[in-house]
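Protein chains in written order, with this note's numbering: chain E, 78 to 384; chain G, 28 to 276.
In short, the hints are calculated from the structure, not lab data.
Watch out, some of these pointers could steer you wrong.
As the list claims (entries may be wrong) - Non-contacting residues of chain E with respect to chain G, defined by C-beta distances greater than 12 Å in every case (computed):
(1) THR115
(2) ASN130
(3) LYS197
(4) PHE227
(5) ASN231
(6) GLY285
(7) MET341
What the hints assert, rightly or not - On the chain E side, residues computed to face chain G include the following (Cβ under 10 Å):
(8) PRO95
(9) PHE139
(10) ASP192
(11) ARG353
Ideal placement from N, C-alpha and C gives every residue a C-beta, glycine not left out.
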Amino acid sequence: MANPRTFQIQEISAHPGPVPGLGTRREEQVCKYIDVTTCIGCKACEVACVEWNDHPFRETTFNDTYQTMPTTEWNYYNLIKFAEDQRDGNLMWLLRKDQCMHCEDPGCLRACPADGAIIKYENGIVDFQQENCIGCGYCISGCPFDIPKFHPTNKKVYKCTLCSDRVGQGLEPACIKACPTGCLKFGTKSDMVQIAGLRAKQLREVSGFADAGVYDPQSIGGTHVIYVLHDMKAPERYGLPATPVIPPSYTYWKWLAKPIGLGMGVLGIAAVFFHRVFYGPKLEQPEPPEIRTGPREEIEAGREEAP
Amino acid sequence: MSTTAKKFDERARGEFARLGTTRVHRGELLRHPVYTRFLHWSVAIFFILSLLTGFAIYTPWLFYWITPLFGGGPRTRFLHPWFGLLFEIFFLFQFINWFAPMAWVEADRRWMRRMRQYVTNEDPLEAEDVGFFNAGQKLYFWLIAVSWILFLITGLLMWFDDLVGRWIVAISYVIHDIAALLMLAGFIIHVYEGTAHQPGTFRSMMDGTVTERWAVTHHPKWYRAVTGRDSREAYEREKRQEEERLEDR
């Protein structure tokens with residue numbers, strides 16, 4: 078990815094006064110902002126995602142909702158979920174754009190056993206490198222949001238890249254560009270958190286959603302995709318876990334218990350080797366009679382010169 | 028063990044005895060027939076292949092270099108469950124083959140109490156009541172049997188992970204590792220005992236035979252059962268002859 082600082086002006090010839098903007102630093106952490114309260118479910122982002130990633134058309138599944146298909150797929154990274162919610166006796170659609178959350182502490186990356194198959198950029202984007210993927214599917218069980226999807230033919234796992242190819246060129250992700258209502262925004266993490274906070278405040282104070290809030294789960298160090306929800310008390314209604322967690326298998330077990338287990342294996346090999354050195358073999362009996370033995374001979378073994 | 032399995036095992040032993048031969052020379056005893064040897068080495072080969080491919084996935088930062096031996100990461104991951112499945116199948120037959128002699132008896136409890144003396148080579152001869160397998164071997168067999176079940180259940184759950192939840196996969200993964208570590212610990216001791224520690228044992232699995240002296244030393248009760256001679260007497264006689272040979276020189 079291009080370093081934005083490379084073309085920062087350092088010196089200017091014959092210029093009066095200091096160099097404008099000298100020493101300014103661009104914030105590197107990126108973030109996608111999704112305001113579910115202004116999403117109209119038009120699915121333009123779904124189409125833009127399929128287009129940009131050059132995925133072929135895939136058949137949709139009708140399951141009595143307006144949703145395109147039940148879950149995201151290996152070639153369908155982005156899906157509007159149409160959760161039907163009862164509120165004050167009325168139906169309320171909870172429209173949520175579902176895609177990779179780009180966790181600060183990514184469970185998929187913790188779980189992955191293949192060198193270089195999952196990488197996280199400094200700007201927070203978590204990206205899969207399919208050429209290094211071995212197709213074990215551990216990332217699927219490591220993900221708290223059920224995002225990585227298995228390609229049945231080439232046995233690789235795919236998910237949203239946050240359009241790392243576009244972001245690298247200074248463009249916003251395809252879904253953001255397509256959104257007609259402005260419910261999607263893209264920028265630095267701190268900007269997006271601030272805008273989301275303002276919007277949630279507005280929802281609480283003006284629009285009558287007393288429990289409105291920002292979904293940026295700290296149990297996984299925050300995410301690089303944040304939601305403004307009408308009801309922060311029950312993110313489950315939108316299909317979001319209240320406290321997403323990475324299974325300890327991929328944290329404590331993988332980085333602590335496993336090396337200890339392996340170390341014990343090495344000790345085991347050393348133990349049997351030195352057992353042989355210390356105690357010798359178990360020979361078939363009767364073994365040839367011993368000529369000498371005992372600690373005294375052991376200590377003096379061959380040290381004195383023969384007369 | 029059910030009679031069907033027993034009958035199958037006997038038939039297999041008969042068929043394999045026709046396929047291969049075990050030459051027993053004077054002063055030797057037949058220990059493992061061809062069928063048992065075949066099963067043992069099939070289990071061993073697929074266990075080692077599973078172990079190697081498994082290591083690459085277990086601690087990739089340490090063992091990822093193993094993957095090119097199997098044709099790269101994706102192929103290693105592809106082969107691992109199949110190696111494992113073959114291990115599972117062969118061990119099932121070995122389980123049937125060895126179920127009877129591996130039964131835990133009163134003598135094994137006494138052996139466990141003497142384990143320290145056994146480990147430190149304090150007794151050159153095994154106790155009179157040690158039969159075809161000693162308690163240590165039986166312990167390893169049952170350890171594998173337990174690991175075998177754990178590998179099978181957790182392995183299938185991880186193989187068909189799209190049918191179960193992510194937490195089941197995450198837990199299976201840990202149990203699979205624990206089963207592997209348990210078996211690895213037993214495997215290290217097993218290989219050591221079968222080769223460097225007890226000369227004359229390795230050939231029992233390769234050629235199928237052992238010397239009578241070996242049988243007297245390690246499995247006196249079995250020696251008595253197959254030869255009809257008293258193991259203690261045999262030992263004393265051998266010892267006298269050994270001394271005579273030394274005096275003659």
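Against the structure, the hints come out as follows:
1. THR115: holds (32 Å)
2. ASN130: holds (22 Å)
3. LYS197: holds (16 Å)
4. PHE227: violated (7 Å)
5. ASN231: violated (9 Å)
6. GLY285: holds (37 Å)
7. MET341: Given that some Cβ of chain G is not farther than 12 Å from that of E:MET341, nearest at about 7 Å, it is violated.
8. PRO95: Constraint on E:PRO95 not satisfied, violated at 48 Å.
9. PHE139: violated (22 Å)
10. ASP192: holds (5 Å)
11. ARG353: holds (5 Å)
Hints 4, 5, 7, 8 and 9 from the earlier list are contradicted by this structure; the remaining hints agree with it.
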